[in-house]
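Go by the hints and put chain B onto chain A.
Each chain, letter by letter, is given below.
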Amino acid sequence: MEEIWNLRNAHLFKGLSPTQMDDVVKSIPVKSFRKNKYIFMAGDDADALYIIQVGTVKVAYVDLSGEEKILDIFQAGDIFGYLFLGKYRQRIGNAQALGDVVLCRLTEVDFINLIQRFPQIALNFIRQQADEYRETVARMHALMSMDARHRLLGTLLTLARRYCCDEGDWFALPETLTQEDMAKMTGLNRSTVSLLINELRRENVLGGTGRELLVNKARVEAIMTAKGSEILE
Amino acid sequence: MTHLTLYLGDSEADSTAKDLLEAWSEQMPTISLECRSIHADPVVAVRLGITQLPALVQEDEIIVQGAPQAWVLPLLNRVFAQPD
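So the sequence lines, in the order shown, correspond to chains A and B.
Counting along the first sequence from 1, when you hit position 46 you're at 241 in the working numbering, and nothing is skipped either side.
Counting along the second sequence from 1, when you hit position 27 you're at 29 in the working numbering, and nothing is skipped either side.
I should point out that these hints are in silico values taken from the structure, not numbers from a laboratory.
Glycine residues also receive a C-beta, built at the ideal position from the N, C-alpha and C atoms.
Honestly, I wouldn't trust all of these hints.
[Said to hold, decoys possible] What follows is a list of derived Cβ distance ranges for each label pair: (1) T32(B) with E262(A): 54 to 64 Å; (2) A42(B) with A317(A): 47 to 57 Å; (3) Y283(A) with E28(B): 54 to 64 Å; (4) Y233(A) with T32(B): 43 to 53 Å; (5) H41(B) with E262(A): 42 to 52 Å; (6) I65(B) with E398(A): 36 to 46 Å; (7) L318(A) with E28(B): 27 to 37 Å; (8) T420(A) with Q71(B): 33 to 43 Å; (9) T18(B) with N308(A): 38 to 48 Å; (10) Q324(A) with E63(B): 46 to 56 Å.
[As the list claims (entries may be wrong)] Over the 12 Å line for every Cβ pair with chain A, so calculated as not near, a few chain B residues: (11) T7; (12) L10; (13) D21.
One chain only, chain A, in its complex shape (with noise of 0.2 Å):
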């Protein structure tokens, strides 16, 4: 029997019927890594880019002072790694799985070759360029003008607006993601985060209990809104 391959969840393959989906997805080499393995280092002159099948992938650098920047946090169906696909061949960031992760390598020689035989996936690749373009302007602004709670509260936001479910407002954070790498986020503390989300859990805008970590998204997107983010809505 013939086997249709699911990578359904991928939003680069959004609009392929599953036999299209069958085609191009036998062809991708599939490769797992461990908890706090590296995909890739900065520096690395880079040739793939990479889709999520499972886990969660943080990408980051660490500065001249040694502390690491979180650059951004990627989920199943995300793709990352592809900033070489202009004219900046080398890794800025270092990718590494924070659980379990298992990807779909592209190099851009099958990139391109798919991008010819679907051209929706191209159409699908410039959305989602403008998607984290937004959230990148919304992340910058939120870090450039606002005070530490909604510093942290812009980058909840942006995880919101990317993972949210349809169902309902409440969206979870991955597990995978400790308070310390959304101080390494929000250039803040990690007693300063820990702070805020007591704050935030007690007025009902987060909640969950430990390591469960729920984000309202209407309510952050109000507070936001009130306090001047409205240009980015």
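Below, chain B without anything else, positioned relative to chain A:
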């Protein structure tokens, strides 16, 4: 006989799910449970559409996947529930 496959990673939650389901399957004469590391065959995740671990699969169909606290204990409780 129903054959189930539990695909696992290395996390503590995965090993908890494995221990509970192995104990459960030993009590169920009609169930055979096989546990496989996703690292031994990552391609299976793409083939079956697994996006979260652990994932319980029957005949190449995902029954349930993701945070085991959401499904392992409810599954066991349902099976072992005392009749009224």
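Status of the hints after comparison with the structure:
1. The given range of 54 to 64 Å is respected by T32(B) and E262(A), whose C-beta atoms sit roughly 56 Å from each other.
2. A hinted range of 47 to 57 Å for the beta carbons of A42(B) and A317(A) is inconsistent with their spacing of about 35 Å.
3. For the pair Y283(A) and E28(B), the supplied restraint of 54 to 64 Å holds, since their beta-carbon distance comes to about 56 Å.
4. In this structure, Y233(A) and T32(B) meet the distance hint of 43 to 53 Å, their C-beta atoms being roughly 44 Å apart.
5. For the pair H41(B) and E262(A), the supplied restraint of 42 to 52 Å is violated, since their beta-carbon distance comes to about 31 Å.
6. Distance hint check: the CB atoms of I65(B) and E398(A) are about 38 Å apart, consistent with the given range 36 to 46 Å.
7. Remark: the range hint 27 to 37 Å for L318(A) to E28(B) is contradicted by a beta-carbon distance near 51 Å.
8. Range check, T420(A) to Q71(B): about 35 Å between beta-carbon atoms, so the 33 to 43 Å window is met.
9. One distance hint, 38 to 48 Å for the beta-carbon pair T18(B) and N308(A), holds here, with the actual separation near 43 Å.
10. For the hinted restraint 46 to 56 Å between Q324(A) and E63(B), the CB-CB distance of approximately 34 Å leaves it violated.
11. Annotated as non-interface, T7(B) keeps its C-beta farther than 12 Å from every C-beta of chain A; the closest such distance is 15 Å.
12. In this structure L10(B) is not separated from chain A by more than 12 Å, as the shortest Cβ-Cβ distance comes to only about 8 Å.
13. Annotated as non-interface, D21(B) keeps its C-beta farther than 12 Å from every C-beta of chain A; the closest such distance is 17 Å.
Going through the hint list in order, the structure does not satisfy hints 2, 5, 7, 10, 12.
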